[in-house]
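Got chain A sorted already, so can you dock chains B and C onto it with the hints?
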Amino acid sequence: MPVDLLLIGVKAAIFLGIWLTLVPAMVLVERRLSAFMQDRLGPNRVGPFGIVQPIADALKFFFKEDVIPHHVDKALYLLAPAAILIPSLVTFSVIPLTEPFGFSLFGQDIHFKFQIADVSIGILFVFAVASLGVYGIVLGGWASNNKYSLLGGLRSSAQMISYEIAMGLAALSVLMMAGSLSIFDIIQMQIFNGETGKLFGVLPVSGWLIFHQPLAALIFIIAVFAETNRLPFDLPEAEQELVGGYHTEYGSMKFAAFFMAEYCNMVTGSALIIALFLGGWSTLFFDPWVAGLPVFFKIFVQFSVFMTKLIVVLFFFVVVRWTLPRFRYDQLMNLGWKVFFELALLNVVITAVVIGFMSVS
Amino acid sequence: MDNTVFTLLPLMILVGFSLLVLVADMMLAREQRPALGIVALIGVIVSLISCSWLWNAPQTAWSDMIVSDHFALFSYIIFLVSTGLTLLLSMRYLSEEDIQFGEYYALLLLAATGAMLMASGLDLMTIFIGLEILSISVYILAGFARRNERSLESALKYFLLGAFATGFFLYGIAMVYGATGTTNIKVISQVVSEGTIRSQSFLWIGIALLVAGFGFKVALFPFHVWTPDVYEGAPTSVTAFMSTAVKAAGFAAFGRVFLSALQPMHADWTGILWILAVFTMFFGNITAIAQRSVKRMLAYSSIAHAGYMLIAIIAGDANLSSGSLLFYLLGYAFTNVAAFGIVIYLSRKGETEFDGKDYAGLAIRHPWLAFVMAVCMVSLAGIPPTAGFMGKFYIFSAAIKAKFYWLAVLGVINSVISVYYYLRVIFVMYFEKPAADYVHGTLSLGMKIVLILSVIGIFQLGTVPGSVMALLQNSMMVFQ
Amino acid sequence: MEYALFFAFSLVAIVSGIMVITQKNAVYSGLYLLLTFFCLAALYILLHAEFVAVVQIAVYAGAIMVLFLFVIMLLNLRFESDSFAPPLPRMIGIGVGLLFAVQFVWIGLGGMGAAAERNIPEGTTAALGMELFTKYIVPFEAAGVLLLVAMLGAVYLAKRKHN
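Residue numbers (this note's numbering), protein chains in the order written: chain A, 1 to 361; chain B, 1001 to 1480; chain C, 2001 to 2163.
Just chain A, same shape as in the assembly (with noise of 0.2 Å):
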């Protein structure tokens, strides 16, 4: 017993770890990608290249002044801050980062998974408590008391409930192709072994679900971002029509979990599209000659393989952000129910359809 939960402790530390040390690189990546492309220089003061400015930033957070506004609803509005970071902390706590492998640890076996919570529906936990991140935003603007920040917060309601379904239907034809609701499985679907998922029988692509669901991965991916109220679907947030948005009235350590979140939920994001359809700590041919390595080697390049996928998705968000013109409302609401949700469902009967006829013939 002592020794399990010692394990978990160590797990939620790296899980932290991990987290606090992605979200302000990709706070300072982004900062310094946009610049590079916008031809400027973004910050470069603090220590070489800027490498410190996180520190600073948080510093900053740290001793600004606490401003409760006297207009606003306070018990609501100190749980927002609260309410948005929670749940993409939970969602990130049950997505596998490695094969699980045993060890002994003081004379004891031990059969460690690299994931806090091996919750038997999987993903669906994963939808179920990704989908209360929007109570953040909701409450956040409500709170506020401002119009701004409820339009905000009711954008997001809107836009995050009309994503969820695409978003979910995506997800239900990985689901259907895996036939389980365990992330580990669908992973491990994807693994390469050298025989199976050469397209159209000649290239040897392995199982990354990202070549046998295209357009389930499109989908997915858009409604990630659409769920992380990122460019081009930042509606809750537009600082030209809405000073910010849902946070809006809030300053100091309570802005930061606002301003955390966004990225945090970024990292959950695309650990779940990695996970999905890039085939988790797959590395498409060299997948037999992993499987082969010492245990802690293969550990730790499954990791670093994971890790390094996750970087790359991550840039790609920040890419996105500083490419593409934010959408309209309108078209963004038409995108999500006239366009993604019908595709997504063609998807699913069409999987349906190519599932059953392989499993007759």
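For the record, the hints were derived by calculation from the structure and aren't laboratory data.
Each residue gets a CB set at the ideal place from its N, CA and C atoms; glycine is no exception.
Hints may be right or wrong, so weigh each one.
[As the list claims (entries may be wrong)] From chain C, some residues computed to sit far from chain B (all C-beta separations above 10 Å):
#, residue
1, 2064
2, 2071
3, 2130
[Claimed, not checked] With a straight-line Cα cutoff of 20 Å, these simulated DMTMM-like cross-link-like pairs (lysine to aspartate or glutamate) come out:
#, chain 1, residue 1, chain 2, residue 2
4, C, 2159, A, 330
5, A, 11, A, 109
6, C, 2159, B, 1025
7, A, 11, A, 118
8, A, 298, A, 109
9, B, 1401, B, 1229
10, C, 2159, B, 1149
11, C, 2135, B, 1064
12, C, 2159, B, 1153
13, B, 1401, B, 1317
14, A, 147, A, 73
15, A, 113, A, 262
16, B, 1186, B, 1317
17, C, 2024, A, 73
18, B, 1157, B, 1229
19, C, 2159, B, 1098
20, A, 113, A, 185
21, A, 298, A, 185
22, A, 11, A, 99
23, B, 1403, B, 1317
24, A, 298, A, 99
[Said to hold, decoys possible] Sample of chain C residues facing chain A (criterion: CB under 10 Å; computed from the structure):
#, residue
25, 2028
26, 2029
27, 2031
28, 2041
29, 2043
30, 2050
31, 2053
32, 2063
33, 2069
34, 2070
35, 2074
36, 2124
Frame of chain A, contents of chains B and C only:
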């Protein structure tokens, strides 16, 4: 026929036709929309034919979720008759009220589907979902005249109270499940009669809640408060549907649950239902006397009729009760739809208040119409040779056979009271002078068909009831 | 342990259920309802019905309550008036309700601990799916019709203009 898939055929047909109506609605211009009523009517007729096809092979199907015994099939016929007649009434009426939309016909068909699911459900879950399909369709239909405040008010009232009733009903199901470990009606009846219930008290709570839930749907006394306002505010064609098909569906499920699942506990639940029946009859009849508006009077009278129908259930003998109940419901369907049809005809566009003036001297202006209305009133009052008389006769004799003498006596007393206000309508039609400013309207073809069919039905059931009653022998035979 | 959790979650569920109807601010009512949903989900998990629990959260908490709050906020129902019922009928209503509740508890206590044992399979998703698509196929499909009706009605009643 051994393929059990077909037990749901009448329902599938209705759902199919309702979808057809919805699709056709998009392609038709506004003036052509009454044609959707014809499409829906064809659906009803096809469904009726499929019922007769199923008649000879009663069976349970779909892992005991559905039963197609004569009780269910005859209930189907009642719902379909009432739906069909309502459709005929509606086509012109909707245009007059400026609410000629395809959704109306689709919802009507779907409501009938829900009603059928309630009658054929052999599992409390099936019955519950049927109830919900029916209720939600009717909530919307009640508020179908969206620009009319009265209609919206009636929809809202019906919805809010109906949601409560649904909650009671569902909680009752949960309690019955807790007590018996099953939601299947056959198994419940078995468990109850074998006395292997897990908790007697849970079962009692469950029964009480089920009575409240059903009581609301069929408008029994303490749960009736919504009835007059909703009946009055809703579009009149919808009121005709509510007072016939919805009530029949409520009683069909009521009968199914109490006469088969809870039949072994007959002695335990008759007491409370006895009181409810007596209060319902007296309340409905006495309040109906005071009404000036005919539509409202019919609403109160429908409460009173729920009381009579409850007597059939109290009698508690599966065959006798269900037979007399269904007979009464069929007669009531013919009578009430025709009566509301005449109310529709005499009302002027957009008007929801009706008073006796519109009926004054109807016999001079429209002798045939006055005749039909008189037949309806006579039938509702229970005077021979009409369907209403035979229905009451069967119900009261069932009560007497089951030794509920007082209940039968009180029922008869109530019928006598009701004669007063029904005959008053006839009196006004035949002996009062017509208002001078009256403008003649014309009867639509659909309305004519409704009135003719209804009069035939009323007299047919009233003079040769044996043919129909023969069909209802052993109507719940699957359980015997 | 399981009992302790059961009572804790039930208690929170009941208390927050009461808060839903006593709060004057509709947004708070909505949030307490949310808390009730969470407690119910926790109770489902205690019954090993993980799938139902997760669906409860995803559907009720994640979608329906968000839309509820959306509407409440849009209509700006901040502080509703004290109550619509005059004092006397209100007291009578409360009295009858309490009487009913006492009666209920009294009868219910007699049946305490005698409820039906679970005869459904453990809440694995596959088993649930099998049940839904074999034994309960009729209620399941009928629920589809029910949703169609609800959708049809909502669209009809909410449509701005008919042609």
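The hints, checked one at a time:
no., hint, verdict
1, 2064, "15 Å, holds"
2, 2071, "16 Å, holds"
3, 2130, "12 Å, holds"
4, 2159(C) / 330(A), "17 Å, holds"
5, 11(A) / 109(A), "17 Å, holds"
6, 2159(C) / 1025(B), "15 Å, holds"
7, 11(A) / 118(A), "12 Å, holds"
8, 298(A) / 109(A), "19 Å, holds"
9, 1401(B) / 1229(B), "37 Å, violated"
10, 2159(C) / 1149(B), "17 Å, holds"
11, 2135(C) / 1064(B), "8 Å, holds"
12, 2159(C) / 1153(B), "18 Å, holds"
13, 1401(B) / 1317(B), "9 Å, holds"
14, 147(A) / 73(A), "14 Å, holds"
15, 113(A) / 262(A), "27 Å, violated"
16, 1186(B) / 1317(B), "16 Å, holds"
17, 2024(C) / 73(A), "14 Å, holds"
18, 1157(B) / 1229(B), "8 Å, holds"
19, 2159(C) / 1098(B), "16 Å, holds"
20, 113(A) / 185(A), "13 Å, holds"
21, 298(A) / 185(A), "18 Å, holds"
22, 11(A) / 99(A), "14 Å, holds"
23, 1403(B) / 1317(B), "11 Å, holds"
24, 298(A) / 99(A), "9 Å, holds"
25, 2028, "8 Å, holds"
26, 2029, "13 Å, violated"
27, 2031, "8 Å, holds"
28, 2041, "8 Å, holds"
29, 2043, "15 Å, violated"
30, 2050, "5 Å, holds"
31, 2053, "8 Å, holds"
32, 2063, "6 Å, holds"
33, 2069, "6 Å, holds"
34, 2070, "5 Å, holds"
35, 2074, "6 Å, holds"
36, 2124, "7 Å, holds"
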